[in-house]
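Below, each chain spelled out in residue letters.
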Amino acid sequence: MAQDETINYLNHDRSLKSWLLTKDHKRIGLMYLGAVSLAFLAGGILALLIRLELLTPGETIMGPDAYNQSFTIHAVLMVFVVLIPAIPAALGNFFLPLQLGARDVAFPRLNLFSFYLYLTGAVIVLSALIVGRIDGGWTFYAPYSERVGDSILFVTTGVFVMGFSSILTGLNFIVTVHKMRTPGLTWNRLPLFVWSIYSTAIVQVLATPVIGITMVLLFLERFLSIGIFDPALGGDPVLFQHFFWFYSHPAVYIMILPAFGIISELIGTFSRHRVSGYTFVALSSVAIAFLGFLVWGHHMFVSGQSAVSSVVFSLLTYLIGIPTGVKVLNWVTTMYRGSISFKTPMIYALIFLFTFSIGGFSGVMVGVLGIDIHLHDTYFIVAHFHYVMMGGTVIAMLGGIHYWWPKMTGRMYNETLGKIAAILVFIGFNLTFFPQFIMGSRGMPRRYYDYLPEFQFMHELSTYGSWILGAALFMILGYMMASLINGKKAPSNPWGALTLEWTHAAALPHPHNFLATPIVVRGPYDYHLAREMFELVPSGDGQHGEVIPGVEASEPDGRPEEA
Amino acid sequence: MTSHSAEGHPAHLEHHFVSSEQQFDAAKMGMWLFLVTEILLFSGMFVTYTVFRSWHPEVFAHSAELLDWRMGGINTIVLLASSFTVALAVHFAQKDNMRLVIINLMVTLVFAFLFLVIKYFEYTGKFAHGVFPGAAFDPHGVAGGHNYADYNIPYAAQFFSIYFVMTGIHAFHVIVGIGVIAWITLRVSRGEFSSAYYTPVELTGLYWHLVDIIWIFLFPLLYLI
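As they're listed, the protein sequences go chains A and B.
Take numbering that gives the first Met the number 0: the final residue in the first sequence is number 562, and no numbers are missing along the way.
Take numbering that gives the first Met the number 0: the final residue in the second sequence is number 224, and no numbers are missing along the way.
Simulated from the structure, these hints should not be mistaken for lab results.
Treat the hints with caution; some may be incorrect.
[Claimed, not checked] For the chain A half of the interface with chain B, some residues (derived, Cβ under 8 angstroms), not all of them:
1. 106
2. 111
3. 204
4. 225
5. 230
6. 231
7. 236
8. 467
9. 470
10. 481
Keep in mind that this is a model prediction, so the values were computed, not measured.
For every residue, glycine included, the Cβ atom is placed at its ideal position computed from N, Cα and C.
Starting from the given sequences, assemble the full structure and let the hints guide the process.
Rendered as structure tokens:
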């Protein structure tokens, strides 16, 4: 046993080849995390430059052309290279099989393939920068995208390729959740993170093919002028918008649903309290995934779709507020009479409740037809989706990274610095984006390079906020990296959490995850049950499961030792 | 990975699965999900077809006359027959009759090639009269009782663009299918499969049925109505 403790997924083979060709979901997850973080760094630096340019009216540091390119690349990077894969492909890959008590995802080779597809797509997108200028925003609306320079082709091709990566990851996760659960892990005992990744995967599989065919049609239209989208050829640009948003609105739920899952884990763990309304929280993820397919038209209230469709889409948009509200209310109730410990991940969860709620409520506001006519294409929209995407997804991602850092790296980060950084993120974030709500409601249009002098004060606040936010994020990067070198060695369950990755896996998990197949006899947040019930019940009795390779090879029913 | 040779642990079973049944179920579910994504991929094109048809029904009805329903009909029969033979291949894999599996897969390949040959003649027949997708659309000449120049009307180009894109992407799936079936045939002939493990044969069959089903929808929509 002592010998087994020293073998973990990081040290069992240290060669570069063993990383590049790994089929281990944990290593693939870490590689995703690295790639996503790099893209986030690049997109973030662009954001800081954009904010700096907007500090004063007129030219501050760059010309209008560079500005247009900056916000386009910022958006393309953040949406397709960071937010969509961030939580499912990085943290989901690492922790979904662990939380299911599985040895790996259902299709490990496909998992690695999907990582390389993602990298290929990202490289194709970035090569657009070398080919030429790209300035149409991230939505590639036709016919503009068919008439500008060739670099847009690289972006759309990259998006197409990354879309396949996303589909394959989603497909893999759905099958993993259905077929790879350990004995006793029934659907109503699944951790809520699993439920949210599962709902996300459904959206990935059902929505992404549509953006795939849209990109193909756009491509063909450019080369053959097939006349589907371009009005000059008899096509319909609104049809492009329908196709685009049929994917890209559900894609918003690909970004936010996994964040909900993380928040459920964090609030459950750090309140030491059963997540109240478990069934409702779990099924509300599925409900959001389903409703998410029916609301794309709210992006097109002013695009010339019929008034009837606008009214229907507006009503359906309100419905999304119901399952989302169910979640937020249950999270708050979970904390009631809980034994709350304010560790860094929990602080991120509390920040999330605040910022995401603002993002959500402002989303219901812009779902109102009349108000949207006024707010459409203003900074109000920019503030709204940053409150959801950054205040929601990125905050949850940060919370999740802190929460699972000990399990991924075997090290503890510095808790004090963690708390300071979290509070700075909160201040910086709100200072950056709250003034944008005010500006937007007063008519400051989004994407504009220049603005009237009366908006300068708000723009200044926003830019100062971005500096605090940037500094806090660099601070996090700094102490996280430092923890790898001199961080305290993490115990296997530093938070006293009850999901399988904490209770049944070593501080640094074994290459095959578990030393013995875990058998689940309780729910994931049953903090009210006696502690002894949670302890490891080694199997190998031939009835409940088998011993995993690498341990106790003498077991009559066991598998042979892996070399 | 090491080879698993211990008793009760067949060679095809990957290390992260508990049993062959689990592996088979997972693979099959994965394939069904993949087929769902294929249907959604085509759904974008079916929606495009529906939108343009509802705007210009008379143009679509008129332009469809240029397509040869006999060739399309023969191709429908060819694909249906190939679906039958691939189903037989799966059936004989379950019965452990690998010789008949190979024969049926080869017949499927012949049908698949036949489909592409007929498609080739259809395409070249159209190209000869200047019927191309998109901007190159410039119909001319007389053939089979049609004066092609009559079809040089607004939005006829759209019909043929949609025709070429839909059947082209479908033909691409046929070509991929030929590659996959050829590879599986090779693996069967190497003796890799038995009635205990024939998952790849079954999954290939599922994929091929999808290719067939999509054509079943394309044929009436483009040729008949």
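Going back to the hint list, which numbers does this structure go against?
-> Violated: hints 2, 5, 6, 7, 8, 9 and 10.
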